[in-house]
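Undergrad: Sequence:
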Amino acid sequence: MTGTRTMTTLLSGLGVGESPRWHDGRLWFANWGAQEIVAADLAGRAEVIAKGPKLAGYSLGWLPDGRLVVTGESGLLCAGADGTLTPYADLSALGEGWNEIVVDGRGNIYVNRVGFRFGEEDFKPGTIALVNPDGTARQVAADIAFPNGMVVTPDGSTLVVAESFAGRLTAFDIADDGSLSGRRVWAEVGGDGLCLDAEGAIWCADMTDGGAVCRRVRDGGEVLEQFELDAPCFACMLGGDDGRTLFLMLADWQGVEGMDTLFSSRTGRVVTTRVSVPHAGRP
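Mapping to full-length UniProt numbering: the sequence shown position 240 is 240, numbers consecutive.
Derived from the structure by calculation, the hints contain no laboratory data.
Every value quoted in this text rests on a predicted model; they were computed, and no experiment measured them.
Treat the hints with caution; some may be incorrect.
Here are the computed distance ranges between Cβ atoms for each label pair [as the list claims (entries may be wrong)]:
hint, residue 1, residue 2, range
1, K54, P278, 30 to 38 Å
2, E73, G156, 27 to 35 Å
3, R138, D41, 33 to 41 Å
4, P64, R138, 14 to 22 Å
5, T208, D134, 30 to 38 Å
6, D122, D65, 23 to 31 Å
7, L42, C78, 24 to 32 Å
8, G221, S264, 35 to 43 Å
Each computed SDA-like pair below joins lysine to any residue, with the alpha-carbon atoms no more than 20 Å apart [unchecked claim]:
hint, residue 1, residue 2
9, K51, R26
10, K51, R67
11, K51, M7
12, K54, T261
13, K124, T84
14, K51, W22
15, K124, E73
16, K124, T170
17, K51, T9
C-beta: ideal position from N, C-alpha, C; glycine also.
Using the sequences and the hints, build the whole thing.
TA: Pasting the structure below:
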């Protein structure tokens, strides 16, 4: 089903909102460009929780004990009650430029890196690393064509990652020790900023020749719903009190040549729409 939807603006004036997460009754996200970690309620009242560790390219997750984990340049950081970020896991031996994370129900953290400096270097495939609850880390997947958003299914058996430069969603089986295997195409659709719903479908954002869209797709690639957006969407997340509010992080992306003004122009917005199937899985 393709069409348009009624949208409500929750927040505006952001740099680029990324890594949206519904946690503890609020929408948390990274405000790239402003270098902020923000939490906002459904009335649009926003609070800066902590300073972001870098200008852009950081993501949020929570450990089972409630601690907030954030990606830094060479590893993972943990946020204290006062917002201070301290080292949690050193990933420098596995590379730099870590970005998206997802934490499973056992406290395993999957974190990816694109593999090259976007806008500065030629393309190189990226990787996914696993950080165990004891802080040890190892690489668990490679040759990912610009890894982006990731989700873990409610039963903890499957990880799906967006390969943005390949225009597909890729799935892995998760072993008891957190290792990834059984790589396969989950859907031949482009997407980023993934979130799962209770019917096992994934919401993802994409840019097409006709503009920007958000789509709901099931395993195998069937597009169940798709609607147009008035600006590119960097990520989406289901949340709200009943899990049926879809939060969309929009900003006026003008391509690599416009990156210098992307953050300073403050076109970032959070808009919402209502859906029928609630959130499931992680994040």
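Undergrad: Please name the hints from earlier in the document that this structure breaks, with their numbers sorted from lowest to highest.
TA: Per hint list: 5, 6, 11, 13 and 17 violated.
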